[in-house]
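Using the sequences provided together with the hints, build the complete structure.
Note that the protein sequences, when read in sequence, are chains D and Z. Residues in the first sequence are numbered from 1 upward in steps of one, following the working numbering. Residues in the second sequence are numbered from 62 upward in steps of one, following the working numbering.
No lab work stands behind these hints, which were simulated from the structure alone. Mixed in with the good hints there might be a few duds.
Non-contacting residues of chain Z with respect to chain D, defined by C-beta distances greater than 10 Å in every case (computed) [claimed, not checked]: (1) Phe77; (2) Leu79; (3) Ile84; (4) Tyr94; (5) Val97; (6) Ile104; (7) Val110; (8) Ile126; (9) Val139; (10) Ser184; (11) Phe206.
Within a straight-line C-alpha distance of at most 25 Å, the following computed BS3-like cross-link-like pairs (lysine-lysine) qualify [what the hints assert, rightly or not]: (12) Z:Lys133 to D:Lys25; (13) Z:Lys74 to Z:Lys133; (14) D:Lys27 to Z:Lys133.
Calculated from the model, a selection of chain Z residues having no Cβ within reach of chain D, i.e. all distances over 10 Å [said to hold, decoys possible]: (15) Lys74; (16) Tyr78; (17) Ser107; (18) Val112; (19) Tyr116; (20) Val158.
This structure is a prediction, so every number in the text was calculated from the model and none was measured. Note that the Cβ used here is the ideal one computed from N, Cα and C, for glycine as well.
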Amino acid sequence: MHDLTQEHLAQVIGVNRQTILAIEKGKYVPSLDLAFRIARHFGVPIEEVFIYEDEEQAKVQ
Amino acid sequence: MYNSFNGRERLKKNTFYLIVGCIAIALVGIFWYSDVIRTPLLIEVSFIVAVAAIYLVRRRVTDLIEDERDVKITEQAVLRTMQVFWVVFCAFSIGAVMQLLRAPSLPRGFHLEPPPILPELLSPRMIGFFQLGLLCLMIFLYVGFRIYYAGIYGGWEKDEE
Chain D
1 MHDLTQEHLA
11 QVIGVNRQTI
21 LAIEKGKYVP
31 SLDLAFRIAR
41 HFGVPIEEVF
51 IYEDEEQAKV
61 Q
Chain Z
62 MYNSFNGRER
72 LKKNTFYLIV
82 GCIAIALVGI
92 FWYSDVIRTP
102 LLIEVSFIVA
112 VAAIYLVRRR
122 VTDLIEDERD
132 VKITEQAVLR
142 TMQVFWVVFC
152 AFSIGAVMQL
162 LRAPSLPRGF
172 HLEPPPILPE
182 LLSPRMIGFF
192 QLGLLCLMIF
202 LYVGFRIYYA
212 GIYGGWEKDE
222 E
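This is how it looks when you write it as structure tokens:
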């Protein structure tokens, strides 16, 4: 979307690159603080970056 | 190797690991020496000082980021380790307390004669071996759980960049 590398985004947000990778893969659910920081970095509302799924929905998918 | 930033020495990650290695080697030497002079207090105090020094040095490392995912992995690993460890530790402690009370082995029965004197099962040497076992168990559990939770939270994913 912004032609960013994981490494650069991780540096800007202040986390490890592995964390960005884990979030992308859906392995790790970020805290609200981190989610807001990522959304703010892209200049979009948090709902455009993260979608809430309850456990039932996640199992179906 | 390190530079100055705002009046404080800043370290690189590799330098930090080198320092930790040196401290570990020094601890092994102190362990050996404290055994020679038969003074366990020396290694005990040294260990506490060494861990405190490592924490202090770690605060100066600039390229070692511990983010919330790392903290979560550590928390989970510590929690699971303690859940297993306290059971084993309490089981051992209960045995030691029984030895302290000189409790006879069950079933005791209703005879009124004094309980037989039991052989000493937990000699100081045995306690030392058991503590060594507990220490190794804790380390292996912690490392195992860390690897497990790092996998759960995407620690071993392949890079797609």
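So which hints don't hold here, by number, going up? Hint 8 alone not satisfied by this model.
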